[in-house]
Amino acid sequence: MSEIDHSLRPSSLNIIYSSKSSNIMKAGISNVRFKNWSETFECVPELFFAPKTEEEIAQILELARGENKKVRVVGRKHSPSDIACTDGFMMSLQNFNKLIEIDKKQMRVKVQAGMKLSELNDTLYSHNLALSM
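Each residue of the sequence shown is one higher than the one before, counting from 1 in UniProt numbering.
Watch out, some of these pointers could steer you wrong.
Said to hold, decoys possible - DSS-like mimics (lysine-lysine), calculated; alpha carbons at most 25 Å apart, straight line: (1) K105 / K77; (2) K69 / K98; (3) K35 / K77; (4) K105 / K116.
It should be emphasised that the hints constitute simulated quantities derived from the structure, not laboratory data.
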């Protein structure tokens, strides 16, 4: 089993079709061993997803509803608890890491949920902005 690789490229995802509905695509990886940063908690979700579009997220959620599976969203593995662990579906928003909007007048930025803080800091710095303390 492999640990989650946050540098996964879309081409490395397996495309699996649901036996219940050929209209719902599952872009999932099986046998992924998830460990939190301190390696105190780990799990092996049934399928790990790294969707690239909002449509794929909707398809994953629809599939989970249909199969009565829970979906846990995982970030950078920093939680000191087992909150992300599941034997159902695990979803990373690592591909949702884009800058959406910068409002220098209001000193606000809007980014997608998967942006790393290091990327956010670099983006802010390039626009003469920073996170408040």
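Need the list of violated hint numbers for this structure, in ascending order. 1 and 2
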